[in-house]
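As given, the protein sequences belong to chains Y and Z, one line each in that order.
Those letters in the first sequence? Residues 1 to 406, by my numbering.
Those letters in the second sequence? Residues 1 to 406, by my numbering.
It is worth saying that the hints were derived from the structure and are not from the lab.
Please note: incorrect hints may appear among the correct ones.
Chain copies aren't distinguished; within one or between two, either way the pair holds.
Calculated pairs, SDA-like style, for lysine to any residue (alpha carbon to alpha carbon, straight line, at most 20 Å) [as the list claims (entries may be wrong)]:
{"no.": "1", "residue 1": "K81", "residue 2": "S37"}
{"no.": "2", "residue 1": "K81", "residue 2": "R38"}
{"no.": "3", "residue 1": "K81", "residue 2": "T266"}
{"no.": "4", "residue 1": "K81", "residue 2": "P39"}
{"no.": "5", "residue 1": "K81", "residue 2": "Q101"}
{"no.": "6", "residue 1": "K81", "residue 2": "P258"}
{"no.": "7", "residue 1": "K81", "residue 2": "A285"}
{"no.": "8", "residue 1": "K81", "residue 2": "A260"}
{"no.": "9", "residue 1": "K81", "residue 2": "R65"}
{"no.": "10", "residue 1": "K81", "residue 2": "A71"}
{"no.": "11", "residue 1": "K81", "residue 2": "D70"}
{"no.": "12", "residue 1": "K81", "residue 2": "E259"}
{"no.": "13", "residue 1": "K81", "residue 2": "C98"}
There are 2 protein chains.
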Amino acid sequence: MLLTDDAPIREQRPYHLAQWAEQAERSVLRQMIDVVSRPDILSFAGGLPALELFPQEAYAEAMARVLHDDARALQYGPPYKPLKEQIVALMAQRGVSCTLQQVFITTGAQQALDVLTRLLLNPDGEVLLEEVVYTGMQQALAPHGPRILPVSTDLQEGMDVDVVERWLTTGARPAFIYAIPEAHNPLGVSLSAERRERLVGLAQRYGLPIIEDDPYGFLSDGETPPPLRALNEEWVFYVGSFSKILAPALRLGWIVAPEALAPQLTVAKEACDLESSALTQRAVAAFLQAGHLPGHLSRLREAYGRRRRAMLASLAQHFPAEARWTEPTGGMFVWVALPPGVDTVALLERTIAEEEVAFIPGHAFAIPGCQANHCLRLNFSNATVAQIEDGIARLGRVIGEWLIRD
Amino acid sequence: MLLTDDAPIREQRPYHLAQWAEQAERSVLRQMIDVVSRPDILSFAGGLPALELFPQEAYAEAMARVLHDDARALQYGPPYKPLKEQIVALMAQRGVSCTLQQVFITTGAQQALDVLTRLLLNPDGEVLLEEVVYTGMQQALAPHGPRILPVSTDLQEGMDVDVVERWLTTGARPAFIYAIPEAHNPLGVSLSAERRERLVGLAQRYGLPIIEDDPYGFLSDGETPPPLRALNEEWVFYVGSFSKILAPALRLGWIVAPEALAPQLTVAKEACDLESSALTQRAVAAFLQAGHLPGHLSRLREAYGRRRRAMLASLAQHFPAEARWTEPTGGMFVWVALPPGVDTVALLERTIAEEEVAFIPGHAFAIPGCQANHCLRLNFSNATVAQIEDGIARLGRVIGEWLIRD
Numbered sequence: 001m002l003l004t005d006d007a008p009i010r011e012q013r014p015y016h017l018a019q020w021a022e023q024a025e026r027s028v029l030r031q032m033i034d035v036v037s038r039p040d041i042l043s044f045a046g047g048l049p050a051l052e053l054f055p056q057e058a059y060a061e062a063m064a065r066v067l068h069d070d071a072r073a074l075q076y077g078p079p080y081k082p083l084k085e086q087i088v089a090l091m092a093q094r095g096v097s098c099t100l101q102q103v104f105i106t107t108g109a110q111q112a113l114d115v116l117t118r119l120l121l122n123p124d125g126e127v128l129l130e131e132v133v134y135t136g137m138q139q140a141l142a143p144h145g146p147r148i149l150p151v152s153t154d155l156q157e158g159m160d161v162d163v164v165e166r167w168l169t170t171g172a173r174p175a176f177i178y179a180i181p182e183a184h185n186p187l188g189v190s191l192s193a194e195r196r197e198r199l200v201g202l203a204q205r206y207g208l209p210i211i212e213d214d215p216y217g218f219l220s221d222g223e224t225p226p227p228l229r230a231l232n233e234e235w236v237f238y239v240g241s242f243s244k245i246l247a248p249a250l251r252l253g254w255i256v257a258p259e260a261l262a263p264q265l266t267v268a269k270e271a272c273d274l275e276s277s278a279l280t281q282r283a284v285a286a287f288l289q290a291g292h293l294p295g296h297l298s299r300l301r302e303a304y305g306r307r308r309r310a311m312l313a314s315l316a317q318h319f320p321a322e323a324r325w326t327e328p329t330g331g332m333f334v335w336v337a338l339p340p341g342v343d344t345v346a347l348l349e350r351t352i353a354e355e356e357v358a359f360i361p362g363h364a365f366a367i368p369g370c371q372a373n374h375c376l377r378l379n380f381s382n383a384t385v386a387q388i389e390d391g392i393a394r395l396g397r398v399i400g401e402w403l404i405r406d
Numbered sequence: 001m002l003l004t005d006d007a008p009i010r011e012q013r014p015y016h017l018a019q020w021a022e023q024a025e026r027s028v029l030r031q032m033i034d035v036v037s038r039p040d041i042l043s044f045a046g047g048l049p050a051l052e053l054f055p056q057e058a059y060a061e062a063m064a065r066v067l068h069d070d071a072r073a074l075q076y077g078p079p080y081k082p083l084k085e086q087i088v089a090l091m092a093q094r095g096v097s098c099t100l101q102q103v104f105i106t107t108g109a110q111q112a113l114d115v116l117t118r119l120l121l122n123p124d125g126e127v128l129l130e131e132v133v134y135t136g137m138q139q140a141l142a143p144h145g146p147r148i149l150p151v152s153t154d155l156q157e158g159m160d161v162d163v164v165e166r167w168l169t170t171g172a173r174p175a176f177i178y179a180i181p182e183a184h185n186p187l188g189v190s191l192s193a194e195r196r197e198r199l200v201g202l203a204q205r206y207g208l209p210i211i212e213d214d215p216y217g218f219l220s221d222g223e224t225p226p227p228l229r230a231l232n233e234e235w236v237f238y239v240g241s242f243s244k245i246l247a248p249a250l251r252l253g254w255i256v257a258p259e260a261l262a263p264q265l266t267v268a269k270e271a272c273d274l275e276s277s278a279l280t281q282r283a284v285a286a287f288l289q290a291g292h293l294p295g296h297l298s299r300l301r302e303a304y305g306r307r308r309r310a311m312l313a314s315l316a317q318h319f320p321a322e323a324r325w326t327e328p329t330g331g332m333f334v335w336v337a338l339p340p341g342v343d344t345v346a347l348l349e350r351t352i353a354e355e356e357v358a359f360i361p362g363h364a365f366a367i368p369g370c371q372a373n374h375c376l377r378l379n380f381s382n383a384t385v386a387q388i389e390d391g392i393a394r395l396g397r398v399i400g401e402w403l404i405r406d
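So that you can see chain Y by itself, here it is in the shape it has in the complex (with noise of 0.2 Å):
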């Protein structure tokens, strides 16, 4: 078995966890990239950005400096101002016009969603969740074990904004509904501008607060929707991260969230790591000042929307006629749906046996009761076009054989 299955932990020793403790599981996703990291295998299974673009050397520099200046870079210090400022005019490029105020800072779009999860959830409380969902933010949400109210997804159009609405109009009152509206993961669907506008609008109506998860949205190629937060500011909790577009271990994101929440997302966060590096948000600040966002996102789109169009193609190639796909405009992921019967746990031992490509089987994102098992999630931000063309024909010939022997 290349996966645990889904027993819990089993404790070594007579510890009395916390309960949530007690049932964890860790992250398919996380257990998976251990096993399918080997070097031998060509791997879509992963979430990283392309490695060889990152712009390791202009980083470095804003790094020296901000080290030279000033030794305040690796002292405490309050959220540093300049960065702030340099996410608001960022926003602005997203459409999102918001003030200094209502940014905050955090160590990665994982503690936004784990800060924002503390601030809004209650033990008992009710979250509304599409069926597939990143496994980031069911991880934030695990020690919370709240009810989740599940909500379809369109593979063209996004999140089933008519599901939302039956749950708000027969009573439901979440805490808060979790949305990748731009290039989600692991769907690489965006929501059409027409949901969008009918999901804010149910925000407002119901005072439903939305977590809008957005890592992706400075990659989308073309004209795409505005953000949900460029359409409300009062229910929607913008999540921003520097990993997509900078890079990741920087541990750097942000949250646009109403100024009136400003002291209790304080609190919230400071409980989690006081702060986060000073050092690191003036190199960021830095880099940001020195102008060189902008030539290294079009690289960025560029390169990565190379890698998705020879997906997309070698897809229709070598894929079977009776699997479909998500056409993502962005992001870094591909859903496939495979026909109902093909497990992808199965698939991805054959696959990584037979072909060493790997992938990540749908089911790692299916949240409790739901199922994606004969669905599967392709990266192609961190391979090479030919690495996919090769890749894509090798995993559709065990997909061709599976379909015809299975």
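Given the coordinates of chain Y, assemble chain Z onto it according to the supplied hints.
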């Protein structure tokens, strides 16, 4: 009023927050840091290490090398094994024998406290705390709203282990006890060797996890008793930090915990921020690998020792005979008890107004139901000997007048 009173933060909009957040107060200490960081104030308030002692150049070199050598420094990655090896070696210097599998990298010690709290504490749980407690621990606990079982502390020998035993023999089964055995924050006291043995014995007998917070362990003068983790590896969860021995802006710390709990600790940590910065982990490992730490620690011990002795001598010279204070052998703080009835919050307003000198009122550290209104905490790490001699004289003058007038 310098400080806001204990009223909860009122929400300005009709958000339904988690119950704890509706009641949230910003740590008095964190609020104060804003107030007393005015440049005209001579501050003994914060807990800042000395900025002029940061190994800025050596760290900049390590960072530049790491950023130049390997783009993986900017990527997602598993905990960096060479750093874990360095931590195992550091722990050996503290008399602690541990394995790589027992070391968990965290984003500063605050995250370690947060993760251990989540791991060990249920919503209806209990914890054993001293009557004055580091505010970061109180912040980590706040979202869980535990029942607190208070333990008194002797200003010469540390935590009153008899009281701990009384709680346990009368049936209390707290989720954990929190301790800073070496150079307590805020008290400055170190737990005596005999009490360390007894505390660990109780933990073993009753299955009581101890969170041993050890930010100052590497800074103590001369011979100190071993940390609790050196006495017991089953029930002591050791928390270490690079904040005070290298720099706070690294936001890097570690837990030494039983290997049996590795899966649950990993899950809890990933829920917080996925992982700690690969870049910082590699830069700190390179700094340590280059052999910079021993010399740096000597310089810190020498400088902080000088400042500590200057503060203790100045207190003896300038503070009224009715005052009592701790005599730390390390750390960063001296705790002063004035005669009961003195309100150090009001005193602080006066020392700022009349002498532009600041400290932290004891109240900031008191757990609910306990009080330390006549006490204050003085920091000696972030002021020169001349500033300490001058500032303590000025504080002593205001206190002397207060005792005569009020």
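These are the hints, each one checked on the structure:
Only between protomers do K81 and S37 lie at most 20 Å apart by alpha-carbon distance; the minimum there is 16 Å, versus 39 Å within a single protomer. Taking CA atoms no more than 20 Å apart as the test, K81 paired with R38 passes between copies only; the shortest distance there is 17 Å, against 42 Å inside one copy. In this assembly of identical chains, K81 and T266 lie within 20 Å of each other by CA distance solely inside one copy; the values are 15 Å within and 33 Å between copies. Only between protomers do K81 and P39 lie at most 20 Å apart by alpha-carbon distance; the minimum there is 18 Å, versus 42 Å within a single protomer.
Taking the closest pair of Cα atoms, K81 and Q101 come within 20 Å of each other only inside a single copy of the chain (10 Å); across copies the shortest separation is 39 Å, beyond that limit. Taking the shortest Cα distances, K81 and P258 sit within 20 Å of each other inside one copy (18 Å), while across copies they are farther apart (41 Å). Taking CA atoms no more than 20 Å apart as the test, K81 paired with A285 passes inside one copy only; the shortest distance there is 9 Å, against 30 Å between copies. Taking identical chains as interchangeable, the C-alpha atoms of K81 and A260 lie at most 20 Å apart only when both belong to the same chain, with a minimum of 19 Å there against 43 Å between chains.
In this homomeric assembly, K81 and R65 come within 20 Å of each other (Cα to Cα) only inside a single copy, at 18 Å, whereas the closest approach across copies is 29 Å. Taking identical chains as interchangeable, the C-alpha atoms of K81 and A71 lie at most 20 Å apart only when both belong to the same chain, with a minimum of 17 Å there against 28 Å between chains. For a Cα distance limit of 20 Å, the shortest separation of K81 from D70 inside one copy, 15 Å, qualifies, whereas the shortest one across copies, 31 Å, does not. Taking the closest pair of Cα atoms, K81 and E259 come within 20 Å of each other only inside a single copy of the chain (16 Å); across copies the shortest separation is 41 Å, beyond that limit.
Taking the closest pair of Cα atoms, K81 and C98 come within 20 Å of each other only inside a single copy of the chain (14 Å); across copies the shortest separation is 41 Å, beyond that limit.
Against the hints set out earlier in the document, no violation occurs for any number.
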